[in-house]
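Residues per chain, in single letters:
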Amino acid sequence: MKKDNVAVNNPHTSSTKSEMKTKRKISSRTIAFYMMVLPAFILFATFHTFPALQGIYYSFTNWNGISLDYDFVGFKNYINLFKDTVVKDSYIFTFKFAVMASILVNIFSLLIAVGLNAKIKGRNFFRAIYFLPNVLSVLIVGFIFNFFFTNILPDVGEKYNIEFLTTNILGNADLAWIGILLVFIWQACAFNIILYLSGLQTVPTELYEASSLDGANTWQQFWKITFPIIAPFFTINMVLSMKNSLMVFDHIVAMTGGGPGYETTSISLLIYNGGFSGGEFAYQSANAVIYFILIFVISVFQLKILQKREMDM
Amino acid sequence: MKKTMTLLAAGALSISLLAGCGGGEGSSGEDQVKIEFFHHKREGMETIDKLIAKFEEENPNIEVEQASPPEPSTVLRTRVSKSDIPDIIGVGGDVTYSDLANAGVFTDVTKDKSLENIQPAYVQMLKDVSGLEEVFAVPYVANAVGVIYNKAIFAELGIEVPKTWDEFISVAEKVKEAGKTPFFHTYKDAWTTLPAFNALAANTQGDDFYSELNKGNILAEERYKEAAEKLLQLSEYGHKNQQGVGYNDGNTAFSNGESAMYLQGIWALPEIKKANPDIELGVFPFPATNNPDDINVISGVDLILGVAASSKHPEEAKKFVEFLLEEENAKQYIDEQNAFSAIQGITQDDPTVDDLKASFEKGSLTDFPDHYIPTGVMPEKTLQSLVINKDVDEFLTKLQADWEKVQDRK
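In the order they appear, the protein sequences are chains A and B.
All residue numbers in the first sequence are consecutive under my numbering, ending with 313.
All residue numbers in the second sequence are consecutive under my numbering, ending with 410.
Treat the hints with caution; some may be incorrect.
List of simulated lysine-lysine pairs, DSS-like, C-alpha gap at most 30 Å [stated by the list, open to error]: (1) A/K159 / B/K176; (2) B/K273 / B/K180; (3) B/K225 / A/K88; (4) B/K390 / B/K176; (5) B/K410 / A/K88; (6) B/K319 / A/K159; (7) A/K88 / B/K405; (8) B/K405 / A/K96; (9) A/K83 / B/K176; (10) B/K215 / A/K83; (11) B/K405 / A/K76.
Okay, the calculated beta carbon distance ranges per label pair [to be verified]: (12) A/F147 / B/K273: 21 to 29 Å; (13) A/L43 / B/D31: 53 to 61 Å; (14) B/E212 / A/D174: 33 to 41 Å; (15) A/F82 / B/L232: 29 to 37 Å.
Looking from chain A toward chain B, a few residues come up when the C-beta cut is under 8 Å (computed) [what the hints assert, rightly or not]: (16) P51; (17) T150; (18) N172; (19) G274; (20) S277.
Don't read these hints as lab results, they were simulated from the structure.
We treat Cβ as the ideally placed atom computed from N, Cα and C, and that holds for glycine.
This is chain A alone, in the form it adopts within the complex (with noise of 0.2 Å):
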C-alpha cells in the first residue's frame, strides 16, 4: 500500500518507460481496490448515512411520523427534550445498565477465558457451551427467561418457601433491571470469551516459563503478564461490551416492555417507542441525535484513556 501512495504522490519522476509501466499497473491497481471498497460504501452510505442524515433534518421539524406536511420548529425539540423526565429517566436507566453490565461483562468473560485457556479436559466443549448463547436470537432468550422468571422460578420459591423468589422480579420496580441484567451478562459474555481467549493465545508461554523460574505465583503472573499484554484486547472489549449495552433493546422488549412503569425504559427503547407508535417521530429523531452525539464522545473517551494504559504498560 505504501508503495502506492509513493507512486501516485509523486507522478512527476515517472519519466522513464519501465516507471511508466509500473505507474500505470499500479493505478489499475488502485482503481481495483476502490472498487472493491465501493459496494460497502454505497450500501452504507444508502442504508446507514443517509438516513442518519434525514433524521438529523427531521429532528428540527414536528413531523409526528405520518402526516403530509409539517413545519420547522428550529431547537424546540431539544429544548423540549431537556425539560422530560421520562427521557432523563431513561438516560439514567441506560448509563447504570450499561457501566454495570460493561464491568460485569467484563470480569466474567475474563475469568472464564482464562479457564478455557488453561489445559482442562472437555476444552473445546466447554468453549462450544459458552460460545452457545451468542449465536441464540436475543428475543428468543429473553422470551424464554421472561418465562423462567414469571413461571419457574415462583413456583420454586413457592415450593421451598424462599419468600423473594414467589413473585416475579421483573414485575418489580426496584428489581426488574437486574433480571434485564443477569440475561445481558449471560448472553454478552458469549462474545467477549471468544475475543479474550483470542487475546490469551498471543501470550508467549516462555514468559510463564521464566516467571515461575523467578518463583511468581500464579496470581503474580496474571497481573504482570497476562493483564498488560492482552491490554489490547481488554480495551476493545471494554468499548465495545459499553456500547453494545448502552444500546440495549432486545432483551427489554422481551422481557419487561419496559415496565413496571418506565422503570426499565432505556434509551433506544424510547427512541423507537415514542417515534413510531408514540406518534412523535420528530422529537424522538431528536433524542436519537443526542444519544448518538453521547455514544461517540464515550467511545472516543474510552479508546484514548484505555489506548494510554496500554502504552503505560
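Add chain B to chain A, keeping to what the hints say.
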C-alpha cells in the same frame, strides 16, 4: 472480460424478458386484482380468513390478503410513513384512526350509504376522536368493558351481581374472606390497567371533560382523582404475583378458576373460552359509582373499515368492505368473536354478555377515555406505576405533566 460482459448482458435481458412474460400473464387473465386488508384484530384472523374465502368465491377475480402483525399500530405507522399503505385498513376508533384520518390516508365516506346502517353513536365517536366533521371509515365492530366473572364461583359463594361501587367492594371482600382471589390483575402488561381505569374514569370524570379538552383545558389532574383512587382500591383485592404476570397468563389463570372476577374487555372472552371451553362466564357492567342508573358501559369502536385514498383498486376494496358489512357476514364475525356489532339491528345473543345487553339497548354507552389521550402520553405506563407505587398524587401530577408536555410538542 468481454465474454463475461456479454454473458451478463444476455442474462439481464433474459430476466427482463421473463419479467415481461409474468406481467403479461397477470393482466391478460381476467383482471386478477389483489388487495390487502390490514387490521389489528389478531384474535379475529381465523374468522376473517373464513369471510375472505367466502368473498373470493363470490368474486373470483379479487384476491384478498390479510395482514395482522403484532404491534399493528407501529407497523401501520411505519408503512404509512414510507407510503406503502394497505388498501383496506382496520384499526380501532382511537388515536391511530385520528392520526391516519388527519394525515389524509383514508377516502372520505361521510356521505357514503354504507354509513346509513351504522349506530350513530359510533359514527359520532369517530368524529369526536379525530376532531373532524368528516368520517373516513365505517365503524364495524364495537367492544365493551365490563367485569368478567366466573358464574360457578359466584353461585358457590352465593353472591349476586353487584350494581353499585359499594356492593362491588363488598363482593370482593366476600370472595377474599372465602379464601379466593377476587380479581386476577395482570400488571406486568402495562395496558391491562387501562380497561378498568377507562371504566372508572368515564363514569367519574364529568360530562364536560371532552368539551373542556377541546377548548384546550387538560383536566387529568383534578378529574381523574376518583378513578385513580378506585383503581388503587381494586388493586388491593388481587393476588400475590399480580405485578409479575401478563395478559396471557391472566387469561389462562382466570379460565382455570383462579379468581372470581377479571377486569378486562370482552375481547378476552374468546381467549378464556379457548383455554377452558367449559367455563361459565358472565359480564356485568362495571359498577363505577354508587348510582346504578347513571353507569355507562364503556364501548368503543374496536374495528373500523377504511379504504386508503392511495389504493390502486378502490372499487374492489370498497366491494370487500360492503361484503363485510352485509348482515350475514357481520353476524358471523360478532358471533365468533363475542363482540358487538356497530351495525343497527345486529345483536349479540350470546348469554355470556346478557348483563351488558340492557345497557346497549338503553344506549347508556360511552367511549374509552384513553382514546382521547395522545399516544405519546402513554397513560398505561403511569397507571402501571400507580398500582405499584400506590401514590395517587404522584400519578395525577405525572399524567397531567406528560399530557401537557406532549400537547406542547405538537
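Minimum Cβ distance from A/T150 to chain B below 8 Å?
6 Å, holds
How about A/S277: closest beta carbon in chain B under 8 Å, or not?
4 Å, holds
Straight-line Cα separation of B/K405 and A/K96 no greater than 30 Å?
Within the cut-off at roughly 26 Å; holds.
Pairwise beta carbon distance, A/F147 to B/K273, judged against the given window 21 to 29 Å
23 Å, holds
Can you confirm whether the C-alpha distance between B/K390 and B/K176 stays at or below 30 Å?
Holds, at about 20 Å.
Hint check: A/K83 vs B/K176, CA-CA at most 30 Å. Holds or violated?
Measuring from Cα to Cα gives roughly 45 Å; hence the hint is violated.
Does the structure keep A/K88 and B/K405 at a Cα separation of 30 Å or less?
14 Å, holds
Just to be sure I understand the hint, the distance between the Cβ atoms of A/L43 and B/D31 should be within 53 to 61 Å; is that true here?
39 Å, violated
Within a Cα-Cα threshold of 30 Å, do B/K225 and A/K88 meet the stated pairing?
26 Å, holds
Does the alpha-carbon distance linking B/K215 and A/K83 stay inside the 30 Å limit?
It holds: about 25 Å lies between the C-alpha atoms, which stays within 30 Å.
Does B/K319 pair with A/K159 here, judged by a C-alpha cut-off of 30 Å?
With a Cα-Cα distance of about 59 Å, the restraint between B/K319 and A/K159 is violated, given a limit of 30 Å.
Can the hint on A/P51 be confirmed by a CB-to-CB distance to chain B that is less than 8 Å?
11 Å, violated
Hint compliance for this structure: hints 6, 9, 13 and 16 are not met, and every other hint is.
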